[in-house]
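2 protein chains.
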Amino acid sequence: MERLPGFRDFYPEPLPHSDTWSADARQFIFDKWRETARRYNFREYDGPPLEPLELFTTKSGEEIVGQLYNFVDKGERAVSLRPEMTPTLARMVAAHERNYKKPIKWFALPQLFRYERQQKGRLREHFQFNADIIGESDPAADAELIALLIDTLRAFGLTEQDFVIRLSSRNAWHEFFVSHFGGGWGGGPHAFSPISAKLENQLRIRGDGSGVSPESYAKYEYDFFQTIDKLERTSPEESEKKLSALGFSLADVNRFIESGQPTAELENILQNLAARGLGNFVKIDYRVIRGLAYYTGVVFEAFDAKGEFRAIAGGGRYDNLVKLISGGKVNLPALGFGMGDVVLLEILKARGLLPKFDANVDVFVLIEDETLRAPSLKLIQELRAAGFAVEYPLTPAKPDKQFKRAQELKAAFTAKVESESYVRIRNLNSRDEIVAGFADAANHLR
Amino acid sequence: MERLPGFRDFYPEPLPHSDTWSADARQFIFDKWRETARRYNFREYDGPPLEPLELFTTKSGEEIVGQLYNFVDKGERAVSLRPEMTPTLARMVAAHERNYKKPIKWFALPQLFRYERQQKGRLREHFQFNADIIGESDPAADAELIALLIDTLRAFGLTEQDFVIRLSSRNAWHEFFVSHFGGGWGGGPHAFSPISAKLENQLRIRGDGSGVSPESYAKYEYDFFQTIDKLERTSPEESEKKLSALGFSLADVNRFIESGQPTAELENILQNLAARGLGNFVKIDYRVIRGLAYYTGVVFEAFDAKGEFRAIAGGGRYDNLVKLISGGKVNLPALGFGMGDVVLLEILKARGLLPKFDANVDVFVLIEDETLRAPSLKLIQELRAAGFAVEYPLTPAKPDKQFKRAQELKAAFTAKVESESYVRIRNLNSRDEIVAGFADAANHLR
Numbered sequence: 001m002e003r004l005p006g007f008r009d010f011y012p013e014p015l016p017h018s019d020t021w022s023a024d025a026r027q028f029i030f031d032k033w034r035e036t037a038r039r040y041n042f043r044e045y046d047g048p049p050l051e052p053l054e055l056f057t058t059k060s061g062e063e064i065v066g067q068l069y070n071f072v073d074k075g076e077r078a079v080s081l082r083p084e085m086t087p088t089l090a091r092m093v094a095a096h097e098r099n100y101k102k103p104i105k106w107f108a109l110p111q112l113f114r115y116e117r118q119q120k121g122r123l124r125e126h127f128q129f130n131a132d133i134i135g136e137s138d139p140a141a142d143a144e145l146i147a148l149l150i151d152t153l154r155a156f157g158l159t160e161q162d163f164v165i166r167l168s169s170r171n172a173w174h175e176f177f178v179s180h181f182g183g184g185w186g187g188g189p190h191a192f193s194p195i196s197a198k199l200e201n202q203l204r205i206r207g208d209g210s211g212v213s214p215e216s217y218a219k220y221e222y223d224f225f226q227t228i229d230k231l232e233r234t235s236p237e238e239s240e241k242k243l244s245a246l247g248f249s250l251a252d253v254n255r256f257i258e259s260g261q262p263t264a265e266l267e268n269i270l271q272n273l274a275a276r277g278l279g280n281f282v283k284i285d286y287r288v289i290r291g292l293a294y295y296t297g298v299v300f301e302a303f304d305a306k307g308e309f310r311a312i313a314g315g316g317r318y319d320n321l322v323k324l325i326s327g328g329k330v331n332l333p334a335l336g337f338g339m340g341d342v343v344l345l346e347i348l349k350a351r352g353l354l355p356k357f358d359a360n361v362d363v364f365v366l367i368e369d370e371t372l373r374a375p376s377l378k379l380i381q382e383l384r385a386a387g388f389a390v391e392y393p394l395t396p397a398k399p400d401k402q403f404k405r406a407q408e409l410k411a412a413f414t415a416k417v418e419s420e421s422y423v424r425i426r427n428l429n430s431r432d433e434i435v436a437g438f439a440d441a442a443n444h445l446r
Numbered sequence: 001m002e003r004l005p006g007f008r009d010f011y012p013e014p015l016p017h018s019d020t021w022s023a024d025a026r027q028f029i030f031d032k033w034r035e036t037a038r039r040y041n042f043r044e045y046d047g048p049p050l051e052p053l054e055l056f057t058t059k060s061g062e063e064i065v066g067q068l069y070n071f072v073d074k075g076e077r078a079v080s081l082r083p084e085m086t087p088t089l090a091r092m093v094a095a096h097e098r099n100y101k102k103p104i105k106w107f108a109l110p111q112l113f114r115y116e117r118q119q120k121g122r123l124r125e126h127f128q129f130n131a132d133i134i135g136e137s138d139p140a141a142d143a144e145l146i147a148l149l150i151d152t153l154r155a156f157g158l159t160e161q162d163f164v165i166r167l168s169s170r171n172a173w174h175e176f177f178v179s180h181f182g183g184g185w186g187g188g189p190h191a192f193s194p195i196s197a198k199l200e201n202q203l204r205i206r207g208d209g210s211g212v213s214p215e216s217y218a219k220y221e222y223d224f225f226q227t228i229d230k231l232e233r234t235s236p237e238e239s240e241k242k243l244s245a246l247g248f249s250l251a252d253v254n255r256f257i258e259s260g261q262p263t264a265e266l267e268n269i270l271q272n273l274a275a276r277g278l279g280n281f282v283k284i285d286y287r288v289i290r291g292l293a294y295y296t297g298v299v300f301e302a303f304d305a306k307g308e309f310r311a312i313a314g315g316g317r318y319d320n321l322v323k324l325i326s327g328g329k330v331n332l333p334a335l336g337f338g339m340g341d342v343v344l345l346e347i348l349k350a351r352g353l354l355p356k357f358d359a360n361v362d363v364f365v366l367i368e369d370e371t372l373r374a375p376s377l378k379l380i381q382e383l384r385a386a387g388f389a390v391e392y393p394l395t396p397a398k399p400d401k402q403f404k405r406a407q408e409l410k411a412a413f414t415a416k417v418e419s420e421s422y423v424r425i426r427n428l429n430s431r432d433e434i435v436a437g438f439a440d441a442a443n444h445l446r
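Residue numbers (our numbering), protein chains in the order written: chain A, 1 to 446; chain B, 1 to 446.
It is worth saying that the hints were derived from the structure and are not from the lab. Treat each hint with caution, since some may be false.
Within a straight-line C-alpha distance of at most 20 Å, the following computed DMTMM-like cross-link-like pairs (lysine to aspartate or glutamate) qualify [said to hold, decoys possible]:
1. A:101 x B:238
2. A:102 x B:13
3. B:32 x A:35
4. A:102 x B:368
5. B:102 x A:35
6. A:356 x B:44
Stretches of chain A that chain B covers, calculated by requiring three or more beta carbons in the stretch to come under 8 Å of a beta carbon on chain B [what the hints assert, rightly or not]:
7. 269 to 278
8. 317 to 324
9. 422 to 431
Each residue gets a CB set at the ideal place from its N, CA and C atoms; glycine is no exception.
Input sequences plus hints: build the corresponding full structure.
Quick look at the structure:
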């Protein structure tokens with residue numbers, strides 16, 4: 001019987017097969033994520049892996065359903081395995097925000113799911129480090145969150161030679177959009193295509209016919225953001241065509257990107273990170289704008305410095321989401337990032353930064369004389385009670401086979417009961433041997 | 001927007017509401033589970049939370065579907081959220097057992113799901129500590145697993161006054177069944193009801209008409225085991241009726257239970273546990289037989305000593321399951337137990353064994369002079385890099401408010417940058433204050 005396509009089995013190392021994933025590497029990553037979050041005083045939370053479908057469509061629109069692992073449950077509820085954590089976080093915070101001092105600094109390590117029919121061989125689940133700050137609109141919160149992102153990657157041994165945070169802002173693009181849209185429209189330097197002329201007519205529907213309705217404007221800006229988001233994956237000809245249809249020129253857009261001039265808000269963040277000594281990990285890169293509709297301000301992505309891998313992490317401000325999810329009841333600014341386990345693992349492997357995962361046995365208790373099995377079990381119990389990881393032969397085995405097993409398990413020591421009172425302890429690295437009293441054995445294993 | 005019924009939100013402590021669960025308590029439990037498993041040299045694994053429905057019906061029959069969180073996915077596959085971990089373990093082991101030395105000692109902390117329509121207000125998910133030993137049929141493996149179970153509960157501070165392992169064996173009941181079935185049948189001390197006489201005819205269908213077909217025999221024994229399993233929840237009259245229909249008497253059954261005479265196999269396990277000093281945690285209790293069909297030998301359950309709560313954990317041998325799941329390709333004896341997080345949490349609360357979960361902030365950095373924010377950020381970065389959990393005011397705040405926040409967060413120290421070179425450190429317990437050089441600050445926080 002096979003597991004479902006797109007799902008992973010996690011085995012203890014050494015891995016039995018190229019198709020299997022390492023439970024030890026996963027735990028190593030989880031531990032680092034938790035440890036860094038702790039140093040930044042982010043508290044852990046979690047929600048259900050299954051949520052009402054509406055939670056995700058409210059945030060992302062009906063079109064998200066095509067990418068969801070959704071179904072109708074036995075109680076006729078439309079439900080979905082969570083594709084992301086942010087809606088759950090917004091729901092949980094909205095329900096109980098009064099009990100927590102702001103800013104709320106929380107993290108979670110959820111398993112996330114998606115179901116895209118066409119993507120054969122692609123994973124349908126992954127784990128993600130989600131860290132969010134809720135209730136603080138000052139850019140100091142953005143800096144704190146980005147510092148956490150940087151230090152999380154550094155905790156794995158990655159350096160400024162290995163990765164970079166590409167920092168951008170939808171506010172900067174909004175300013176660009178407004179100034180070029182207003183300026184270029186109806187008389188600027190841009191040549192309008194027939195399509196944009198048609199759109200121009202649609203936009204000039206409000207009031208006296210000369211203005212642009214906010215809804216149309218927002219839709220227009222959304223289309224513009226989507227085009228910017230896809231710049232790096234689209235040919236210049238295609239981008240030019242799309243931008244032109246929206247009333248912009250690729251040349252202007254590229255000029256803005258190349259200027260890399262930080263806005264006041266971004267400058268604030270850069271200085272904050274520089275004060276922490278983290279300035280070299282960040283660069284302004286306006287090509288980053290993030291695809292999701294709900295980002296409202298600063299956005300950023302972490303990439304390996306050589307650009308060989310997909311994004312390691314991404315995030316930004318979503319100041320309107322808590323209000324949206326709570327049906328207008330709670331209004332709190334928020335920002336966060338997500339870092340998946342798959343790309344991170346690829347990079348750590350490529351950089352040789354994954355440790356070797358052994359059984360980590362401290363002591364292998366040899367039982368060569370079966371008449372001493374009972375006192376051996378007593379010793380095993382005492383050593384385990386003292387905190388040591390202890391292994392031993394469950395059933396009678398030849399001495400050389402036992403010793404070989406101790407070596408395979410990379411045991412630091414062997415211990416052999418020699419009588420009801422004495423234990424022979426051998427350090428497998430130094431090969432030193434001593435005979436200790438039973439009660440004293442644990443002291444010789446440090 | 002509400003979460004789905006039967007699912008839990010896990011919040012950081014202190015808990016905001018009686019309806020919320022503690023993410024900190026959950027992590028506390030997970031840490032203890034992992035730590036005990038490590039001392040016993042059990043290695044962690046995990047599988048997908050979603051599996052083919054067939055994996056669970058193969059093991060438990062079609063009737064299990066009524067209790068499953070199952071659905072048809074977008075690829076027309078019949079799938080189910082996992083209700084238990086053992087089928088996944090059997091699948092994973094069967095796929096790659098050759099790469100692992102026997103016995104395999106593995107554990108997992110899966111979230112498990114069930115959907116029973118009628119159970120309003122009941123949880124539809126929980127987390128479980130699953131530990132299994134695969135590839136060893138000797139009772140020494142049973143003893144090792146039960147010792148792990150005992151030490152796991154002891155790791156939480158529970159003692160032999162708090163819990164007991166009720167040890168039993170389907171082999172013991174099998175012997176009872178065979179001897180009483182064979183002895184009583186057609187002339188023993190039992191008075192047969194008309195129903196059992198009818199069943200007798202059905203059973204005597206094989207060969208010369210005097211024997212009992214193995215299939216009928218197995219079905220008969222299964223019904224008998226199910227009746228034993230329900231003894232404690234059924235009235236004596238009802239049990240007597242059921243047993244009598246199967247050709248047994250409640251008096252005989254009760255006599256066997258009260259004898260509590262260990263079989264050779266159970267005696268072996270008791271002696272092994274006694275050698276470890278764990279004898280007082282176990283008692284023979286034949287009322288335990290476990291409801292699931294797939295157990296084949298030793299079975300056990302952990303209960304609180306006062307009998308106030310549901311079972312804390314349960315397990316036993318399932319020597320045929322790996323063969324069944326692998327379609328006959330791999331045949332390995334196996335045994336395991338599962339311990340859920342819900343009953344355990346109830347007991348730890350009742351016994352006062354749950355610690356208080358604070359933010360665990362080591363240092364709160366006070367920023368009273370905003371012109372010193374930049375060097376304060378530098379200090380914060382250095383302290384976090386040294387491993388301390390550090391909090392500080394993200395935005396300007398009044399000194400007394402900052403200090404209050406430090407106290408709320410139970411910070412061990414406050415640190416205040418007094419110049420580009422000096423830091424004032426205050427121990428909030430002893431109230432000692434010192435002024436340290438910037439580079440030396442971390443050394444005064446141990």
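Results for each hint:
Of the pairs offered as hints, the one joining residue 101 of chain A and residue 238 of chain B is violated, with about 58 Å between alpha carbons and a cut-off of 20 Å exceeded. Straight-line distance between C-alpha atoms of residue 102 of chain A and residue 13 of chain B comes to about 15 Å, which keeps the hinted pair within the 20 Å bound. A C-alpha spacing of about 17 Å is found between residue 32 of chain B and residue 35 of chain A, which places the hinted pair at or below 20 Å, so the restraint holds. The suggested pairing of residue 102 of chain A with residue 368 of chain B holds, with an alpha-carbon distance near 19 Å, which does not exceed 20 Å.
Distance restraint check for residue 102 of chain B and residue 35 of chain A: the Cα-Cα separation of roughly 34 Å exceeds the 20 Å cut-off, and the hinted pair is therefore not satisfied. A C-alpha spacing of about 15 Å is found between residue 356 of chain A and residue 44 of chain B, which places the hinted pair at or below 20 Å, so the restraint holds. Residues of the region 269 to 278 of chain A with a Cβ under 8 Å from some Cβ of chain B number 6, which satisfies the need for three, so the listed coverage holds. With 0 residues bearing a CB less than 8 Å from a CB of chain B, the region 317 to 324 of chain A misses the requirement of three and the coverage assertion fails.
With 0 residues having a beta carbon nearer than 8 Å to a beta carbon of chain B, the region 422 to 431 of chain A misses the requirement of three or more and the stated coverage is violated.
Of the numbered hints given earlier, the model fails hints 1, 5, 8, 9; all others are met.
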